[in-house]
Each structure stands twice: as C-alpha cells, then as structure tokens.
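**Q** This is what each chain is made of:
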Amino acid sequence: MKPAHFDYARPRTLDEVLHLLASRPGDAKLIAGGQSLVPMMNFRFARPELLIDVNALTDLDYHRREGDALCIGALTRHVTLRDSALVRELCPLMAEAYRHVAHVAVRNRGTLCGNLCHADPASEMPAVMLATEATLVVQGLSGRRQVPAADFFQGVYATALEPDEMLVEVRIPVGQARLGHGFEEVSVRKGDYALTLVASLLGIRNGRIEMAAVALAGVADRAMRVPTLEAGLLGKMPSDALFAEVGAAASLALIPADVDHADAEYRRDLIRTLVPRALTRAAERAAFQPTA
Amino acid sequence: MSEQKYPIKVTVNGRKIEREVSARMLLSDFIRQELQLTGTHVGCEHGVCGACTVILDGRTTRSCLTFAIQVDGAEISTVESLGTVNNLHPLQSAFWEKHGLQCGFCTPGMLLTAKELLARNPDPTREEVAEAISGNLCRCTGYQTIIDSIMAAAETLRNAAEVQA
Numbered sequence: 001m002k003p004a005h006f007d008y009a010r011p012r013t014l015d016e017v018l019h020l021l022a023s024r025p026g027d028a029k030l031i032a033g034g035q036s037l038v039p040m041m042n043f044r045f046a047r048p049e050l051l052i053d054v055n056a057l058t059d060l061d062y063h064r065r066e067g068d069a070l071c072i073g074a075l076t077r078h079v080t081l082r083d084s085a086l087v088r089e090l091c092p093l094m095a096e097a098y099r100h101v102a103h104v105a106v107r108n109r110g111t112l113c114g115n116l117c118h119a120d121p122a123s124e125m126p127a128v129m130l131a132t133e134a135t136l137v138v139q140g141l142s143g144r145r146q147v148p149a150a151d152f153f154q155g156v157y158a159t160a161l162e163p164d165e166m167l168v169e170v171r172i173p174v175g176q177a178r179l180g181h182g183f184e185e186v187s188v189r190k191g192d193y194a195l196t197l198v199a200s201l202l203g204i205r206n207g208r209i210e211m212a213a214v215a216l217a218g219v220a221d222r223a224m225r226v227p228t229l230e231a232g233l234l235g236k237m238p239s240d241a242l243f244a245e246v247g248a249a250a251s252l253a254l255i256p257a258d259v260d261h262a263d264a265e266y267r268r269d270l271i272r273t274l275v276p277r278a279l280t281r282a283a284e285r286a287a288f289q290p291t292a
Numbered sequence: 001m002s003e004q005k006y007p008i009k010v011t012v013n014g015r016k017i018e019r020e021v022s023a024r025m026l027l028s029d030f031i032r033q034e035l036q037l038t039g040t041h042v043g044c045e046h047g048v049c050g051a052c053t054v055i056l057d058g059r060t061t062r063s064c065l066t067f068a069i070q071v072d073g074a075e076i077s078t079v080e081s082l083g084t085v086n087n088l089h090p091l092q093s094a095f096w097e098k099h100g101l102q103c104g105f106c107t108p109g110m111l112l113t114a115k116e117l118l119a120r121n122p123d124p125t126r127e128e129v130a131e132a133i134s135g136n137l138c139r140c141t142g143y144q145t146i147i148d149s150i151m152a153a154a155e156t157l158r159n160a161a162e163v164q165a
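Here the protein sequences line up with chains A and B, keeping their order. Position 43 (the first sequence) corresponds to 43 in our numbering; numbering is contiguous. Position 156 (the second sequence) corresponds to 156 in our numbering; numbering is contiguous.
Next comes chain B alone, as it looks inside the complex (with noise of 0.2 Å):
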C-alpha cells in the first residue's frame, strides 16, 4: 500500500528544490534522507533536544516537529549553510579553538541558535547566552566551553563590524 505522496517547493541553503513526499516525513528526515545534509541530527525526535535544528524562514526551528509538507514555498538554512572546511563561519571556528564541542553531535544545533541569538543580540552576557541554548542539550561538554565559544565568536563578529563600519 503506497501513501499520497505531496509535491513541495522549498529552497536550501539558496538553492530550489522540488520533491514529492509523503504527509508524515518529517523535515529531518526530509533533509537528511533525500537531501542527504547530515549535518542536521536527529536526537530524541519529540521536540527536546534541539539536535535537529534548523532555520525555516527566518527562524530557529526544531525540524523533527515540522513536516516536509509544510515547507512547500519556505526558505531553509541548514548548518551547511554556515560555511565550509576551508572558509569557517566565525562561529565555527570559535566553537574549534574554544573546545565548544566534543563529539559534535548537539553542535549544529548549537551553531544555528546561536546565530539567531547573535544576530539578534551582538553583545550578550553569559547568562543570555546561556538562556538562548538552553533549549539544546549536550551531553559532553557541560555547556561552559559552549558559552565560552559563542562569547569569542560574538566578539570576533562585533570586531569585524566594527571594522566594516
């Protein structure tokens, strides 16, 4: 027995992708399976754990609770969209020379919201920091490097706007 399948409009990380899907694929699974962007992790799958972060117009959302049927005509950011092994977000690089990861697995989750948080706030205190992640879960860290590591990439940001500027 074959479900409907749905066809869907979505652009990723700027680029136009049309797909057929069925109603109940999640966009996690959506990404990873037909995308294949892996970099969006699936963690707990009921909306706690943040692994499955993504930004859906505009926005920091938990992929595992959207379906991909409902992204017809949004736009999408994945953390591939951040930057590249030789040209690294300054998030990125943060999280590298900070030790804001371990085994990598909450991190691009991590990175996402933290972007949000930075666009929105360029110079956070530890505390709003802290309030801003606190809906990913990392089970390595201890969650200070995680601070540590989005406090230098906020400084470095506001460093280079302040050049630019």
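Excised from the complex, chain A in its bound form (with noise of 0.2 Å):
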C-alpha cells in the first residue's frame, strides 16, 4: 500500500539536520539510503510526520583510516565498504559479512549507519560491530557522544540515540587486521536478514587463545555477545572439540526466539553447528598472521 501524508525536508548541512530533528520531538526520522524505513512506511507500519532527507550531506560518504581507527561516515553506501580494499585490510569480519547483506540496488542505497540506526534483531552489520567493539558517534545539538557498539543495541528497532539524535560515524578500531575472523549465518534466502548468524574473531598467542569476540544475531530481541562462550575460549588451544563444547553450553544458556521461519529448536541446533564453523575458520585465520 501507499505511506502516510509526510512533510518533507531535504537540508543541506548537519546542523540544519540536527534543528529539524529537535524541532518535531519524536515525529521526525531521517532517510539516507530508505532501504529499512521504506518499506516499513509502505506499510504504514511507520508514520513520520517529518521525513529529513539527509542524502545531500554527500561530505559525510566516507571511509578512511584515522590513527588507530576506521572512520566510516553517516553516507556511506554498504556497496562501497563491500568492494573496498581498505575495509578488507582493515576490518576483513565486515568484508565477510558483507557477503550476507542484501542485494545489489539495496547495497547501491543502503548506508551502514542506517542500518545500524535500524537496528533489526536479525542484522549482519550490529553484530561485526559488537564482535570488532566498535564506536558509534551521536551527535545532537547539545554534543557528540561516543556510543560503545555494546550499549547502542537495546532492542528490536531501538538503539541508544535521542529522538534529537544522528548517527554521523562508526569508528572501528584497526587492531583487527592481526585478529582471525569467521563468520557464519543461515538464512532463508542468501541475503535476507538471518535465522542465526556468529560474527567471531580469535586473538592466538602462542598457541593458546587469548582474546575471543563471538557476536550472535537472529537468537533474541538484539545482535549480543555471549560473555560466558568467550570466557570459555580464553586461555585454551583452539580444537575442535573446544569449540563443538563451547556451542554445545551456548545453545543451552541463550533462550533462542521462537519465531518467522525458525523455532526455538532449530535456533538451537543453528547456534550449536555455526558457533564451532566460525571458531575453526577464525582460528585458522589467527594462525595464519604475521607475527610482526
């Protein structure tokens, strides 16, 4: 069906951006890439009075290395970071998982940040952010603030920004590239949001791990981490068998939801056979760095 009547506005600049988020409270949402709150308005399932096109603020299309960080600005299209050498240098769990994501005209308008903004529970993009301990910088016009990736994402469509709020940059910290990734997920349909997805990266020294980051999506309200799984990995050698136990007390600890496509059951047996294929093919990948 057709969306609700909408005022529209397209400014130029953040700040104007920023005044006409604080001038209707709550009425207001921001489109960049629309490719999440379309539909959603198509189905009237969204009905903001206020639609600010942000699609003209094009400085913040961006993607740069900034001392010890990745820099991704608010523009940025998923299609850009998917084919970019600098994102598989520097973050290679995010050019994995771009693999994941979508189709080709969603990635040519969909921005990174919208997407985080969107927060849907089944997402690739909340998940590599939380496993890589990423910053989100907010902005509203009292101040930027610095979101840790781990208190943005509260819920099924609800993050940590104001309703005055913008998500303007991701910043990614680049100690990765020495790091193993792995990433796995299922779905329905290649591209569709994930029954399961895990988002892992493995930190081995001297044979034994020591930094383990395993983010699940599609299992509860929000992309989490999963504390008592990499406690677990910490200190031990990667085998096989540690990562089929590891799986094993995941799948028993998480109460998986129930619903669209997948049962609590089959959620199970998903974490339970994608947790060890993202653990070996992340320590496979930590063994192969340069000791440098």
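There could be a bad hint or two in this list.
Unchecked claim - List time: in silico BS3-like cross-link candidates among lysine-lysine, alpha-carbon distance up to 25 Å:
no. : chain 1 : residue 1 : chain 2 : residue 2
1   : B       : K5        : B       : K16
2   : B       : K5        : A       : K2
3   : B       : K9        : A       : K2
Unchecked claim - Some chain B residues judged to face chain A by a derived CB distance under 10 Å, without partners named:
no. : residue
4   : D29
5   : G50
6   : L65
7   : E131
Said to hold, decoys possible - To list a few chain B residues with every Cβ distance to chain A over 10 Å, as calculated:
no. : residue
8   : I17
9   : R32
10  : G83
11  : A152
12  : A161
In short, the hints are calculated from the structure, not lab data. All values reported here derive from a predicted model rather than from experimental measurement. We put the beta carbon where it would ideally sit given N, CA and C, even for glycine.
Assembly of the complex is requested from the two constituent chains, each provided in isolation within its own frame, with the hints serving as guidance.
**A** See the structure below:
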C-alpha cells in the first residue's frame, strides 16, 4: 500500500538536520538509503510526520583510516564498503559479513549507519560492530557523544539514539587486522536477514586463545555477545572439541526466539552448528597472521 | 484536503522533466502514472521483488523504496532506455532468443540488473550472474533461462567490444 502523508525536508548541512530533528521531537525520521524505512512506511508501520532527507550531506560519504581506527561516515553506502580494499585490509570480518547483506540494489542505496540505526535483531552489521567493539559517534544539538556498540543496540528497532540525534560516524578499532575472523550465517534465502549468524574474532598467542569476541544475531531481540562462551575459550588451545563444547553450551544458555521460519529448537541447532564453524575459521585465520 | 506539492526537475531517459509531486509519491508510481513509462513494474512495494528496478544516478535502485521528491536533480534510466522494438539491446535480443521471459513481469528489472552487472563484469560466471540477479524474483522461468540469456548477451557484448577495439 501507500505511505501516509508526511512533510519533507532536504537540508544541506548537518546543523540544519539537527535543528529539524529537534523541531519535531519524536515525530521526525531521517532518510538516507531508505531501504529499511520505506518498506515500513509503505506498510504504514512507520508514519513519521516529517521526513528529513540527509542524502545531500555528501561530506559524510567517507571511509578512511584515522590513527588506529577505520572511520565510516553516515552516508557511506553498503556497496562502497563491500567493494573496498581498505575494509578488506582493516576489517576483514566486515568484508566477509557483507557477502551476506541484502542484494545489489539495496546495497547501492542503503547505508551502514542507517542499517545500524534500524537495529533489526537479525541483521549482520550490528553483530560485526559488537565483535569489533566499534564506537558509534552520535550527534545532537547539545553535542557529540561516543557510544560503545555494546550500549547502542537496545532491542527490536531500538537503539541508544535520542530523538534529536543522528548517527554520524562509526569507528572500528584497527588492531583487528591481527586477529582471525570467522562469519557464518544461515538464512531462508541468501541476502535475507539471518535465522542465526555468528561473527567472531580470535587472537591466538603461543598456541592459546588470548582474545575472543563472539557475537550472535537472529537469536534474540538484538545482536549480542556471549560472555560465558568467550570466557570458555580464553587461555585454551583451539580445537574442534573445544569449539563444539562452547557452541553446545551457548545453545543451551541462550533462549532463542521462536518466530519466523525457525522455532527455538532449530535455532539452538543453528547455534550449536555455526559457532564451531565460525571459530574454526577464525582460528585458522589467526594462525596465519604474521607475527610482526 | 490537498497535500503540499513539491517541484522536481529530473532527467528521465535523457529527457528533462519538470513536475510537482506530493512528498509521499513513490518513484515507481511517478514513473508509471506521471510519465506513462509502464515498463517499470510494481510487484511488492516493499523492496524484495526487484520488478520496480530503475537506474538512478548510474546505479540500480528499487523505485518503490524511493520517493519522487528525492530524485530532484537526478538522472534516471528505465527499461525503455535499453532499446526499441526495431532496435533491441543485445540483452533484450538474448532474453528473446534464450527464453529469458514468460510473463515478462520481472523482465525489466532483470534487464537493468544485468546491464549493471555486465558493465562492471563483462565476463561473469553463471554463479556471478545468479548472485547479481538474486534480488530480482521470477515466478515463471526458474531462473536458468534468465542466466542463459545474460550469459549469451555477455558474449555478444564482448564480441562487439573486440570488433571495435
């Protein structure tokens, strides 16, 4: 069906955006790619009174290394990041995850930051943000604040953004490149949101796991790390048996969602299966890192 | 009660168009109803089927997920820009020869998606073609003849490029 009526603005500067957002607290939505928002508007699940089109803020279409971080601006399209040699080099987990994100036309318009603000519980990039311990830079009229990814995703379509704030940048720590990454996903069709996905990073020193980040999505109301799983890996030598054990423990500890194409039992099976696969790939890749 | 109208200037298939639109008019409806370019089809209106695919500023885009107001100042190409009955684009010829369509509803989206693929990757594998069209749904063909058509068009286009080079 067709969207409900709304007022429309296309500001030229971030300052204008923030003033517009503040002028209609709670009733305004930003639109960049619109690949998640417009379907909701077409269904009338979303009925903003004011749509603020930020596509003129082309200065925010950037991704670059700044010191020890990969910095990605709000208007950076998925396609740019997916095709980027810099992303492949600095955050190979993101490059791998992008193979599972949507389809060509969606990636041409959709933005990473828009996807993160939409906060679908089964989406790939929130899990990547958690595993990499990214920082999300949020701006309102009262100023900028840096939100750790762990605090950003708060529930289904719910984030730490205040109604008058815009996510302007994502900063991913670059130390990642020394870690091994593993990403596994099962979805109904390739490109769909996940039934279950696992995004993992492992650091191995002297044959033992010294760092582990394992983020899951599709299993709860938000992407999440599993601290008990990670603790079960630290200090141990990577092995099939270890990975199978932590995967099984995680599948019992979590209470997966019982909706949409997969009941809880199937999701537990997916966790039990995908966690070891992702950890195995991460361990292989960590082992290949140069020691410098 | 009437809605506020916003002026837009957009180039469609090389023609400069000026119109006034309400904010909530979808680009797909603008193309079909305002411009009478009915080659662009509306299948799902929530961004999953790809029948509404157009090329916006050089990239394939789901026109059902774009508001007409957003394309002020932009360049759009629809399937009508590919060729004519008497002068088919190699992609169109290939879809005809290799049975790449039955009802034709998905076809405009398939053609434009294929055009973008071949511009970027002139010698794709079947897997790469399948990946590229994965956002375009077809209920008739089972996709294999669509892939056949795109592979055939790719070869035609490569041969033409070699002749020119």
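**Q** Which earlier hints can't be squared with this structure?
**A** Nothing - there is no hint that the structure violates, so all of them hold.
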